[in-house]
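Undergrad: Going by our numbering, the sequence shown opens with residue 44, and the numbers climb by one from there.
To be clear, the hints were calculated from the coordinates, so they are not data collected in a lab. Treat the hints with care, since some could be wrong.
As the list claims (entries may be wrong) - Each pair of labels, with its calculated beta carbon distance range:
hint, residue 1, residue 2, range
1, 230, 115, 31 to 41 Å
2, 72, 142, 38 to 48 Å
3, 57, 81, 15 to 25 Å
4, 118, 48, 13 to 23 Å
5, 213, 186, 21 to 31 Å
6, 62, 112, 18 to 28 Å
7, 101, 207, 42 to 52 Å
8, 108, 171, 32 to 42 Å
9, 114, 61, 21 to 31 Å
10, 229, 45, 11 to 21 Å
Claimed, not checked - Derived PhoX-like pairs (lysine-lysine); straight-line CA-CA distance at most 20 Å:
hint, residue 1, residue 2
11, 170, 198
12, 186, 198
13, 58, 228
14, 223, 73
15, 223, 198
16, 73, 193
17, 69, 98
18, 230, 198
19, 78, 226
20, 186, 124
21, 58, 69
22, 69, 193
23, 124, 78
24, 78, 228
25, 204, 193
26, 223, 78
27, 170, 186
28, 193, 78
29, 124, 193
30, 223, 69
31, 73, 204
32, 186, 73
From the three backbone atoms N, C-alpha and C, an ideal C-beta is built for every residue, glycine too.
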Amino acid sequence: MSENTFINNFRSHLKTVNSHRLQVLKHCIKAGIIKRGLLHDLSKYSPAEFIPGVKHYQGTRSPNERERELYGYSTAWMHHKGRNRHHFEYWNDYNPVTRRVEPVPMPDIFIFEMFCDRVAASKIYNKDNYNNSMPLEYFMRGKHRRFIHKTTSAKIEFLLKMLSEHGEDYTFRYIRRQVKILKAKGKI
């Protein structure tokens, strides 16, 4: 990679990460989970994630996809999913009964952050072509391959369908009501 390419990729990747985090923060504010928005994806600035992001930057999709194509895995993604609870991949644990690693239910607060993240990512990568059904379409394309707890999958799909059918205002209003209920129960 030439010095010019590296500098351009560095700037572009940083801009993408910053834009994504800002968009997620806006969504988290609308959802009533401001703290999750402020903490969202801070690990993307770590060398373990940022350097591969610059190296594999393309601008139209996650650099992790390119890293996987080249090496069969993404070190940046493995680092990221292990530190960010809004990814369902974080929520896998050893089951002593079956003696296998299995998905476990994800707490609702992180499902709400995952929703904000998916909508923001769709907006960042699709730019002016974005519409409210894109996050659902992306989710459904990979549904059969996903290693996710069935309750978690049903909850995120429910929110993405709501977005597709009723729009952002309606869906964020719904999430805010759910957050208030969780707070009243002491679950947040």
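Undergrad: The hint says 13 to 23 Å between residue 118 and residue 48; measuring C-beta to C-beta, is that right?
TA: Once the Cβ atoms are compared, 20 Å apart, the range 13 to 23 Å for residue 48 and residue 118 holds.
Undergrad: Looking only at beta-carbon atoms, does the pair residue 229, residue 45 fall within the given range of 11 to 21 Å?
TA: 55 Å, violated
Undergrad: Has the given pair, residue 193 with residue 78, been kept, meaning a C-alpha gap of at most 20 Å?
TA: 27 Å, violated
Undergrad: Does residue 223 pair with residue 69 here, judged by a C-alpha cut-off of 20 Å?
TA: At roughly 18 Å apart (the allowed maximum being 20 Å), residue 69 and residue 223 satisfy the hint.
Undergrad: Between residue 213 and residue 186, does the C-beta distance stay in 21 to 31 Å?
TA: 23 Å, holds
Undergrad: Please verify whether residue 124 and residue 193 have alpha carbons no more than 20 Å apart.
TA: 19 Å, holds
Undergrad: Given the hinted pair residue 78 and residue 228, is their Cα-Cα distance within 20 Å?
TA: Judged against 20 Å, a Cα distance of about 18 Å means the pair holds.
Undergrad: Between the beta carbons of residue 57 and residue 81, is the distance compatible with 15 to 25 Å?
TA: Since the Cβ atoms of residue 57 and residue 81 sit about 18 Å apart, the hinted range of 15 to 25 Å holds.
Undergrad: Would the pair residue 170 and residue 186 pass a check requiring their Cα atoms to be no farther apart than 20 Å?
TA: Cα-Cα ~24 Å, so violated.
Undergrad: With a cut-off of 20 Å on the C-alpha distance, tell me whether residue 223 and residue 198 pass.
TA: 17 Å, holds
Undergrad: Taking 21 to 31 Å as the hint, is the beta-carbon distance of residue 114 and residue 61 inside that range?
TA: Since the Cβ atoms of residue 114 and residue 61 sit about 26 Å apart, the hinted range of 21 to 31 Å holds.
Undergrad: Please work out if residue 124 and residue 78 have their alpha carbons no farther apart than 20 Å.
TA: 19 Å, holds
In summary, the numbered hints that this structure violates are 7, 8, 10, 11, 13, 16, 17, 22, 27, 28 and 32.
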